[in-house]
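Chains A and B, in that order, are what the protein sequence lines are.
Quick note on the numbering used here: the first sequence kicks off at 1 and runs consecutively.
Quick note on the numbering used here: the second sequence kicks off at 1001 and runs consecutively.
Hints may be right or wrong, so weigh each one.
Short, incomplete list of chain A residues facing chain B, as computed with Cβ under 7 Å [claimed, not checked]:
#1 P179
#2 D212
#3 P275
Cβ-to-Cβ under 7 Å is the rule here; a few derived chain A residues that face chain B [what the hints assert, rightly or not]:
#4 V148
#5 Y380
#6 A494
Just so you have them, the derived chain B footprint on chain A, three or more residues with Cβ under 8 Å [claimed, not checked]:
#7 252–266
#8 383–397
#9 468–474
#10 521–532
#11 573–581
Just so you know, these hints were derived from the structure itself, not from any lab.
The beta-carbon is built from N, C-alpha and C at its ideal position, and this holds for glycine as well.
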Amino acid sequence: MAQGKGGRAVTHGAATGHAPAQSFLRRHVFSVDHKVIGRQYLDLALVAVVTGMVLSWIMRLHLGWPETPVPGLGKLAPTGAAGGVITPEFYLALMTMHGTIMVFFVLTTAPFAGFGNFFLPIHVGAEDMAFPRINMTSFWVTLAAFLVLVSAFFVGDGPPLSGWTAYAPLSAVGKDAGPGQGVGQTLWAVSIAMFCVAQLLGSLNFIATTLDLRTRGMSLARLPFATWAWFITSVIGLVAFAVLMPACILLILDRVAGTSFFIPAGLVISDRLQPHAGGSPLLWQHLFWFFGHPEVYIAILPGFGIVSQILPVFARKPLLGPRVFIVCLIAIAFLSYTVWGHHMFLSGMNPVSATLFSVPTLVITIPATIICLLWIGTLYGARLRFTTAALFALGFVSVFVSGGISGFFLAQPSTDIYLHGTYFVVAHFHFVMGVAAMFGIFAGTYFWFPKMFGRMMNETLGKWHFWLTFIGVYCVFMPMHYLGLAGNVRRYSAFTDDYLQPLIPLHRFITIAALFTGAVQLIFLFNLIRSRLRGPVAPANPWEATTLEWSTSSPPPHDNFGGHPPVVTHGPNEFGGVGPQDYVMQAEPR
Amino acid sequence: MGRLFAVVVTLIALASATIFALHIWWLPPDISTHGARIDRQLNETMVVAGVLFVLGQLALAFFVWRFSTREGGPPRPSRAFPGGPTPLVVLATVLVGVEILVLTFVGSKVWADVYQTPPAPGALQIEVVGEQFAFYFRYAGADGKFGAMHPELMNDATQNFFGLDPANDTTARDDIVVGSLVIPVNQPVVLRLHAKDVNHSFYVPELRIQQDFVPGMVIPLHFTATKPGKYELVCTQLCGLGHYNMRAYVEVKTRPEFDQWLKERAAEL
């Protein structure tokens, strides 16, 4: 037993500890070791992101050249793309699956569950998560949820096509509403409900571990920034997923048990009067966005934490305003629950409430702006080292600013009247939660890979990956703002309206840029695989960083610290001294 | 490497901003009475957001340029930001706070004028049904009254898009149902949006108007068109496989043309 902060007993060995497993299955597959589980989440996210990206390629090809067959696609999807040309319903299915896979199984899974699982226990100086078995359960439920979702591609009446938001009643009434509204849509709802269960378990574990398993000297003020971000993200997740899960259960009941939570009376679909009455389509929207907007912060706050942890290391000076940063994270977490109605300005809800939702949406830009200024202020007087991790962290700041600023247009009901439902929205959320979160994931990967696998990644390949990706994402997503300003509606499988014809060349430019940027990711994949097998052996602290993971070997031993729980004597932010060592490690003996 | 980063970020910021500023892709001309205020709000937001965007990116680029470590250069100690985080917190709070106040006070009025004020008395009443994947419009006819809608009678095969019952309902007999929205210029119009099956949305970029159709709700929407012509109405709420193809025309006619058109439709009944 070691003494925790404030004399609280912190167990090492008894409650959470477990002997190293012996069998292959227990060590590498059904492992309760948080490091194995973290890597499993990241591997799942990698499979998911490749799937989601390939889906987006097919969509982009179709949008640029709707009549041109995609070679080989006809064989892969004989009903959805006979002869290689995709049908409108298959386009919408690709879009639905792309959005669902990316938001849930990449942007939530990688930066939060993946890196968080691996590093949060090490950051606080613990041997493992508070509840290792629950931790293992949450991963396997997440994997099962992913398999259920992907299985929707192979069911008889086709994959779901209601979008990742699954607005009712389209998603609720079943087969009458057209293709994709049969078993596929039910599988979607089951998958998301399962995902919610997994994330609830994961969030509980993160919170308990952060609060109860901190090693001696690890006060809250000394928690590394990434762990602060994962902790606050867990609190957001605990409330958000607890709302989405019942919403999905109600949706499943509407679909299979004949209830009418989201379906009002008098609907005539395919010339058939629906046997439902009493439900409200807006109820689904409120429940979904009550989850959906905090979800944006679930995806991006870990990125905030990762960048705030990485920038000081490569700037060789402390993060400016560490307490301000944490206060801003907490403010964002609170505000994230007050803004969901900005997705619904034109939904038919009371127009007075639009103003009420607009104000907190605009106010949330204040803590976000402060955080951006803290990052830029951290660079002042720095001695920047341009590793690939540093470049992706700096790139994160750039793309997050670009994505955040377009929020000003969509947060105001008056300008949203014109821009709602257009590519302007697509541009906004791809920059602010897609690309920015991906840059956080890339920065985290290049930064932590040596610790996770004991080998260094190739920096030359990493830098090529950064430059081509950075320029590529701007070529893909910046023009989508222009499309939105011209009134280009999103979620269209083809642009046949007269006023959209002049925009098709811009769509083709975006398609080419998207294929290019996607192809560039092969450099990353190659680097990942080659470095894991043949990369130079990593020292314990290759970046001269301060947090506890760098005090142990690369990769860390089974119990993280080799039976000697660290005693923390310093904060995570002590850089900038002069002399041979310009930093102080958290576990440095006084 | 730092200088390359600074140059790339600067080029991206300036190129993106220039394309916005030159209006190479921009909104179509406004043809509504309320649209000018939306456009002004959008332009003001564009200026403020544009300045913040360019300043933010340039500050990032400048600091990265200025404070990168040169290979083989003399070691130098790092320096703290003058004044600590407080000036930045004050700057962000004041700058963004003032902007939020201004945008909200001006913008809320624009929003309220479109969505929170009742339509002008004497506005032309038109009922609209959105269904997979078409819009239909109904005018009250000579009696000025709309026949009641009966969902169980809605049927595309018999073209009874509004579920009317002319056999028993005298007010329904002269209702005019068409597939294009035809309205007189400079005449306030109030639409009542009915969704027959799933969510749809009513979006006419030139009219600067957008509103969802929601099953179970009847949602009023009013505007006044100021320029005769033919415009495209599109659906912006995902409604199924034919979503991309769900559209109708809005024909804005002069008063005499409109009266003539309505008379011809009534004669066809």
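Note to self: Please list, smallest to largest, the hint numbers that this structure does not respect.
What the structure shows: Numbers 2, 3, 4 and 10, in rising order.
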